[in-house]
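K.L.:
With numbering that gives the first Met the number 0 as the guide, the letters of the sequence shown map in order to residues 0 to 164.
A hint or two may mislead.
Here are the simulated BS3-like pairs of lysine-lysine, each with C-alpha atoms no more than 25 Å apart in a straight line [stated by the list, open to error]:
| no. | residue 1 | residue 2 |
| --- | --- | --- |
| 1 | Lys38 | Lys120 |
| 2 | Lys15 | Lys147 |
| 3 | Lys84 | Lys64 |
| 4 | Lys98 | Lys38 |
The calculated label-pair distances, taken between Cβ atoms and stated as ranges, are [as the list claims (entries may be wrong)]:
| no. | residue 1 | residue 2 | range |
| --- | --- | --- | --- |
| 5 | Ile128 | Ile13 | 29 to 35 Å |
| 6 | Asn132 | Asp42 | 54 to 60 Å |
| 7 | Asp136 | Glu102 | 47 to 53 Å |
| 8 | Ile50 | Arg137 | 50 to 56 Å |
| 9 | Asn77 | Arg116 | 42 to 48 Å |
| 10 | Glu102 | Arg123 | 30 to 36 Å |
| 11 | Met125 | Arg61 | 50 to 56 Å |
| 12 | Ser91 | Glu49 | 19 to 25 Å |
| 13 | Ser33 | Arg137 | 44 to 50 Å |
Keep in mind the hints are simulated off the structure, nothing from the lab. Ideal Cβ positions, reconstructed from N, Cα and C, are used throughout, including at glycine.
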Amino acid sequence: MAFIIKPKPKNNDIRKELNSIKKICANHEALCRSFTKWKADIDENNAQLEILSETMESLRNRHRKIRDQLSRKPVDANTIAELQKEIEHVESQVDIWMKELAEINEARTNLDVEFIRLRSKLQRSMTNIEVANIDFDRIERLHRDTWKNSVFADSIAQRCTHWTG
0 MAFIIKPKPK NNDIRKELNS IKKICANHEA LCRSFTKWKA DIDENNAQLE
50 ILSETMESLR NRHRKIRDQL SRKPVDANTI AELQKEIEHV ESQVDIWMKE
100 LAEINEARTN LDVEFIRLRS KLQRSMTNIE VANIDFDRIE RLHRDTWKNS
150 VFADSIAQRC THWTG
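Model the full assembly from the supplied sequences, consistent with the hints where possible.
P.N.:
See below:
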């Protein structure tokens, strides 16, 4: 009576698969950290936009006050000089505001592109994790089968030794 015992999987193959699974998990963790950083950056960008919105409202109010003062008649030379200074200050702040808005808008565009890239990587990572889970299940089954075969083979060997010995 001949017993057919499956060849044992090589430990190196199993180690390679486990290392591959570990690498997939490490990459996924790094991706999650990247998403966390992206979220913090987007929150900061939103806060900057909120500040710019408040600044814009303040500049509108200052502009409205200047326009109201100019619409009153008569206006003396001192008032005109003060209004000219105020207009220069508002123009300067509007220039700064526009520069900051352009910078924040560029950062937002970059964050949107980063989100698309991260989302794509996350989808790929989730697929890799599902495959790794299948591989891990297969490794576990191989281990279980190897263990059963080993215990079964040892049990038969002991019985054969007992009968022949």
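K.L.:
Among all the numbered hints in the text so far, which are the ones the structure does not match?
P.N.:
5, 6, 9 and 13
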